[in-house]
Amino acid sequence: MSISKVYDAVLEFDDELVIEAVEEEVNNGTNISNILNNGLINAMDEVGRLFSEGEFFVPEMLMAAHAMKAGLDVLKPHMSADDNESKGTVVIGSVKGDMHDIGKNLVAMMMEGAGFKVIDIGIDADTETFLNAAKEHGADVVCMSALLTTTMPAMSEIINKIKEEKLGYKTMVGGAPVTQKFANQIGASGYSEDAAEAVELARELVK
Amino acid sequence: MIIVGELINASRKLIGKAIEEQDCEYIKKVARDQADAGSNYIDVNAGIFVGQEPEYLEWLVKNVQEEVDIPCCIDSPDPNAIERALNVHKGVAMINSISLEKDRHDKILPIVAGTDLKVVALCMSDDGMPETTDDRLKIADKLINGLVQNNVPLDNIYVDPLVQPIATKDTFGVEFLDAVESIMNNFKGVHTVCGLSNISYGLPKRKFMNSLFATMAISKGLDGLLINPLDKQMMANILVAETLAGRDHFCMNYLKGYRKKKFEF
Numbered sequence: 001m002s003i004s005k006v007y008d009a010v011l012e013f014d015d016e017l018v019i020e021a022v023e024e025e026v027n028n029g030t031n032i033s034n035i036l037n038n039g040l041i042n043a044m045d046e047v048g049r050l051f052s053e054g055e056f057f058v059p060e061m062l063m064a065a066h067a068m069k070a071g072l073d074v075l076k077p078h079m080s081a082d083d084n085e086s087k088g089t090v091v092i093g094s095v096k097g098d099m100h101d102i103g104k105n106l107v108a109m110m111m112e113g114a115g116f117k118v119i120d121i122g123i124d125a126d127t128e129t130f131l132n133a134a135k136e137h138g139a140d141v142v143c144m145s146a147l148l149t150t151t152m153p154a155m156s157e158i159i160n161k162i163k164e165e166k167l168g169y170k171t172m173v174g175g176a177p178v179t180q181k182f183a184n185q186i187g188a189s190g191y192s193e194d195a196a197e198a199v200e201l202a203r204e205l206v207k
Numbered sequence: 001m002i003i004v005g006e007l008i009n010a011s012r013k014l015i016g017k018a019i020e021e022q023d024c025e026y027i028k029k030v031a032r033d034q035a036d037a038g039s040n041y042i043d044v045n046a047g048i049f050v051g052q053e054p055e056y057l058e059w060l061v062k063n064v065q066e067e068v069d070i071p072c073c074i075d076s077p078d079p080n081a082i083e084r085a086l087n088v089h090k091g092v093a094m095i096n097s098i099s100l101e102k103d104r105h106d107k108i109l110p111i112v113a114g115t116d117l118k119v120v121a122l123c124m125s126d127d128g129m130p131e132t133t134d135d136r137l138k139i140a141d142k143l144i145n146g147l148v149q150n151n152v153p154l155d156n157i158y159v160d161p162l163v164q165p166i167a168t169k170d171t172f173g174v175e176f177l178d179a180v181e182s183i184m185n186n187f188k189g190v191h192t193v194c195g196l197s198n199i200s201y202g203l204p205k206r207k208f209m210n211s212l213f214a215t216m217a218i219s220k221g222l223d224g225l226l227i228n229p230l231d232k233q234m235m236a237n238i239l240v241a242e243t244l245a246g247r248d249h250f251c252m253n254y255l256k257g258y259r260k261k262k263f264e265f
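Heads up: the sequence lines are chains G and X, in that order.
Going by the UniProt record's numbering, the first residue of the first sequence is number 1, and it counts up by one from there.
Going by the UniProt record's numbering, the first residue of the second sequence is number 1, and it counts up by one from there.
None of these hints come from the bench; they were simulated from the model.
Please read these numbers as outputs of a predicted model, since none were measured by experiment.
A few of these clues could be false.
[What the hints assert, rightly or not] Below, a list of computed lysine to any residue pairs in the SDA-like style, where the Cα atoms sit at most 25 Å apart: (1) K102(X) - D15(G); (2) K13(X) - L148(G); (3) K90(X) - K102(X); (4) K96(G) - P110(X); (5) K169(X) - K207(G); (6) K13(X) - A35(X); (7) K207(X) - D194(G); (8) K96(G) - K90(X); (9) K102(X) - P153(G); (10) K17(X) - D15(G); (11) K107(X) - E157(G); (12) K107(X) - D15(G); (13) K207(X) - F57(G); (14) K169(X) - K166(G); (15) K205(X) - T150(G); (16) K205(X) - R49(G); (17) K17(X) - K96(G); (18) K102(X) - D194(G); (19) K169(X) - A133(G).
[As the list claims (entries may be wrong)] Okay, the calculated bits of chain X under chain G, using three or more residues with CB under 8 Å as the criterion: (20) 21 to 30; (21) 120 to 129.
Yeah, the Cβ is synthetic: ideal placement off N, Cα and C, and Gly gets one too.
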């Protein structure tokens, strides 16, 4: 019942309260993956939902993610391999020539909040950097961000390379000028409009 | 204050459609409205049309200048597109923009070197987006020096210190404002320009925030803005901010604005 305390504390963006509530649950002997999934991750899903609906704004999403992470840090030492089972591995970056990272960072953060293992390769990442990271970490999904019309073609290059080498990674694209139509054109597995949608899409893709 | 009217941008749906359909009348109307509202330059951008950008940019410049007698701000990173637009441009254009990203820098510098073109110098480098005042100053310093050495006078340089969203870091507003102040003080005669909408990314009531941020930047010396000049509240704010910042001799512009009913909405 008091898992709801963890959940509420994340939605109040209160790091201290999250830590306290998680510690309390751990001491009560509550199942660790129960705390993780029904407390922390469910709360972040609600944050994502409220964000997509225009109830929450970017700073609130950032604070919630921060609070969630504080709770996760308390939980980690108690996690067994089973609890720690990742929801999937995501390699994410802004493509070659693109220095923008704010949208990409928000997506990375929400993916982490949803329990994915996230490998953030940063900005201005070329095809090789994407592929090397994906191979090294055994990616399920490769997420590409572009904020410029001039850098969008780099996404197509990465997707083509993944297909050419038959690597089987799912691919997601996003960023201000990117559209569903463009995603279809270049053969991406999916497109999402915001960070919350990106989490939903990634869940679908790794099913 | 130099006002660059931002509306003729292909990433806006109606403009993109008008370009595709070669609808001269719509482009001319948007140019006319922006000129009447007090723009000094009309920004033209056809960036979403990969492959056709040079042809479309030239078409935009032609149509804008058939309608209004003011210069364009040619908004493209592609030297071919810029050259084609310049070939048909009348008067002194502004190029938007050079940056310290090597590829972009090497392509744009030869276009502006030794000319009397105006140029926007965007504070961005291959190391990514600047976050602090100091990051911005280092990039501005290199850009300005490089341009001056290539015979672009200070008066033709408009440094854009790059606005970052306040939603993602509390200090992004103040780091930008301090950069405006330092650039204006350290390089006497240079100009500063920026777009505003980034500041309010991820937040509600963006127009309100953008307009107040413009006021704050003007108080630090900012003398150029890329905005929607049809936004009367924004234009009124800019006018008053300039008066309050000591850039309106005997409040003459303020009084003129009052008599032209610019403060009535």
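Determine which of the earlier numbered hints do not hold for this structure and return their numbers in increasing order.
Numbers 1, 3, 5, 8, 10, 12, 14, 15, 17, 18, 19, 20, in rising order.
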